[in-house]
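Participant: Chain by chain, the residues:
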Amino acid sequence: MEGVMSHGNDLNLKATELRLGLPGTDESTSKNNKRTANELVKNSELLNGKSDAKARDGETVPASKSQIVGWPPVRSFRKNIVQPKKTEAETGNFVKVSMDGAPYLRKIDLKIYKGYQELLKALENMFKLTIGEYSEREGYKGSEYAPAYEDKDGDLMLVGDVPWDMFMSTCKRLRIMKGSEATGLGSGV
Amino acid sequence: MVYSFPEEVLEYVFAFLSSDKDRNAVSLVCKSWYEIERWCRRRVFIGNCYAVSPQIMIRRFPEVRAVKIKGKPHFADFNLVPERWGAYVYPWISAMARSYPWLEEIKLKRMVVTDESLELISKSFKNFKVLSLSSCEGFTTDGLSSIAANCRNLRELDLRESEVEDLSGHWLSHFPDNFTSLVSLNMSCLGSEVSFSALERLISRCPNLKTLWLNRAVPVEKLASLLRRAPQLVEFGTGACSTEIRTDIFSNLVEAFSGCKHLKSLSGFWDVVPAYLPAMYSVCSRITKLNLSYATVQSPDLVELISQCSNLKCLWVLDYIEDAGLKALSSYCKDLQELRVFPSDPYSAEPNVSLTEQGLVTVSAGCPKLQSVLYFCRQMSNAALIAIARNRPNLIRFRLCIIEPQAPDYLTLEPLDTGFGAIVEHCKELRRLSLSGLLTDRVFEYIGTHAKKLEMLSLAFAGDSDLGLHHVLSGCESLRKLEIRDCPFGDRALLANAAKLETMRSLWMSSCSVSYGACKLLGQKMPNLNVEVIDERGPPDSRPESISVEKLYVYRTVAGPRADKPDFVWTMDEDGALRFS
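Protein chains in written order, with our numbering: chain P, 1059 to 1247; chain W, 42 to 622.
It is worth saying that the hints were derived from the structure and are not from the lab.
Take these hints with a grain of salt, some might be off.
[As the list claims (entries may be wrong)] Using 35 Å as the maximum straight-line C-alpha spacing, the simulated DSBU-like pairs for lysine-lysine come out as follows:
1. P:K1230 - W:K148
2. W:K368 - W:K251
3. W:K566 - P:K1137
4. W:K522 - P:K1169
5. W:K606 - P:K1137
6. P:K1137 - W:K62
7. W:K170 - P:K1137
8. W:K148 - W:K109
[As the list claims (entries may be wrong)] DEER-style ranges, computed between Cβ atoms:
9. P:N1183 - W:E296: 26 to 36 Å
10. W:P607 - P:K1172: 11 to 21 Å
11. P:Y1174 - W:A390: 40 to 50 Å
12. P:L1163 - W:P272: 53 to 63 Å
13. W:F237 - P:N1183: 10 to 20 Å
14. P:Y1174 - W:N219: 50 to 60 Å
15. W:A390 - P:E1202: 51 to 61 Å
16. P:M1184 - W:S283: 37 to 47 Å
17. W:S351 - P:Y1174: 34 to 44 Å
Heads up, the beta-carbon is just placed ideally off N, CA and C, and yes, glycines get one too.
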């Protein structure tokens, strides 16, 4: 271990002696202590610990800039005033798609589909299955599979009941259900 | 010969003393003056809630009507103080509830306030009038409901910049129908929509309402209706102004504003569509304070508005204003005293706007009364700082944030020592200073030599060695608050200037080079200081003594070590041992 300065009960005047140079060094040459931004980040984050990095209001800082905790010194409520450079029109609306029994999930961008028909076709392609036609009364009767989605409130809903735009803004994830569970969804209330 | 006035006469005379400094001086004259003064002190300001205990305050000043208390260190604003650090107001409220039944005012800054505290306030003080919670947290809108429902004589409710858990907007509807005393309401930090009709009715029945800061959720099309009910307003903050512009909304707004003959201060303007700004032109000539720091509007539109505000004293704005806009500001607003320019995009490496050091130089040249500056920019030069210093020797507050840490003079690539040196040399009344950019120990030599009136200094990524800190602690006679982050300052300067720390309110050092051993020593030497080590890596004595602590907060106190420390804070005690809370 490096030399430990033990102070014990004496005043340890040497410790309070003023000289140029970093604490712990004995030379009188002053060391260049300019640090690069990356080193600053490393130091800061190392010394500041984990809890500071917790974003209180969920703000995200672009990964492109080295993130130094608390720098620049801007209050949280001032951080997200400006619209992000990418407008909502440009970013995708990716949602997870799970299929009962499949080993892993997929993700699709709802924005690239113009309506339910296109979406269902894409799902059929992706999972190699047939979903069939939607009917308000029967759901997807005739098919083994029923496309369902989880909405903003956390409820499991049948795909197709609401207008496409409303579906786009409320759909949080998709689930392709199969078997007897699926047929239960399509029948009347 | 000794003349002695009857106590009543002295008390009458003391009642004219409002400044704490004067009252403190008076109470030192003799024992009887101390006694008389303490019975008639009505306002108490506590700059650090841990410097004194509620019991001590109550024992000395039994008849207080107004209390102002500050909690967390300033760097808490930038997330440098971990959660659960402290600054709980409840013990204060509970003690005052028992001893100050006639308390009228509570103003808090950076404290943790719970709904329980708010409920206790609302039920304990029959004549409660003013509640101001600045940058506070820990409460929900339920707490506000208690205040609204129970404080029959409430005049002011100010929640500026607090973090409130917003359960619903329903709290506003708890003001009773016969409640008419409201003078000031600042709810700008809240997210939820309040019942608009409840708000309208509240405003209609409070004829003394002078200050109203709405929250973002109140849309622009509803403003006219509110303004028409409160034409006596002096300070007004809009909500979001993003509704697509329509002629009827616009003309209603124009009419409503033109009825407000007393408006002096405007704020709000979240997401404002520029086309709405002309609706305010009729009040611009009377406006003295303008907060456009939420307005993402480009320079030409800003200039249009500002150019009509010939009496402007205080402007807060985003850097969208650019150098061109600041030039216009300097030619139209000759009464300007305070300027704050905030960064629109603080995290991008490249400048997104054309705002440089030139804008600030121009304002310093054109605005002879400018005394308070907060400026975020991406480049600075010594030449510019020297020019600013020469132009404005009357500066009192100068806070400069160059966004890239340790950025040098962009023209010469030298440190900015001489530039800031010029600031402290010319601005002899400077009370507050924040430095940034590339800085060596030299700048601290200048500061220690010249900044004799400096009370608060903020440092980041600056200096070379302990000598820098030593210059500041030994030279700045008026220093009260020193906050430092990421500077190579360590044990020697701190220990050599230990006595200085007793003359200050507080010292904050984070990510510096202060060893645990030095902290212990400081705690031993200075019984009137609380030397608190904040370290989330676990107990400091599980590491060698020479290892630097993560954060250090030192403050003078008469209340001893605090009893409410979280598990990552240790007070360096007199007997050198650690004490856990």
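Participant: Indicate, hint by hint, whether the structure satisfies it.
Facilitator: Against the structure, the hints:
no., hint, verdict
1, P:K1230 - W:K148, "44 Å, violated"
2, W:K368 - W:K251, "33 Å, holds"
3, W:K566 - P:K1137, "42 Å, violated"
4, W:K522 - P:K1169, "54 Å, violated"
5, W:K606 - P:K1137, "30 Å, holds"
6, P:K1137 - W:K62, "38 Å, violated"
7, W:K170 - P:K1137, "33 Å, holds"
8, W:K148 - W:K109, "5 Å, holds"
9, P:N1183 - W:E296: 26 to 36 Å, "59 Å, violated"
10, W:P607 - P:K1172: 11 to 21 Å, "54 Å, violated"
11, P:Y1174 - W:A390: 40 to 50 Å, "43 Å, holds"
12, P:L1163 - W:P272: 53 to 63 Å, "59 Å, holds"
13, W:F237 - P:N1183: 10 to 20 Å, "49 Å, violated"
14, P:Y1174 - W:N219: 50 to 60 Å, "56 Å, holds"
15, W:A390 - P:E1202: 51 to 61 Å, "53 Å, holds"
16, P:M1184 - W:S283: 37 to 47 Å, "38 Å, holds"
17, W:S351 - P:Y1174: 34 to 44 Å, "60 Å, violated"
Going through the hint list in order, the structure does not satisfy hints 1, 3, 4, 6, 9, 10, 13 and 17.
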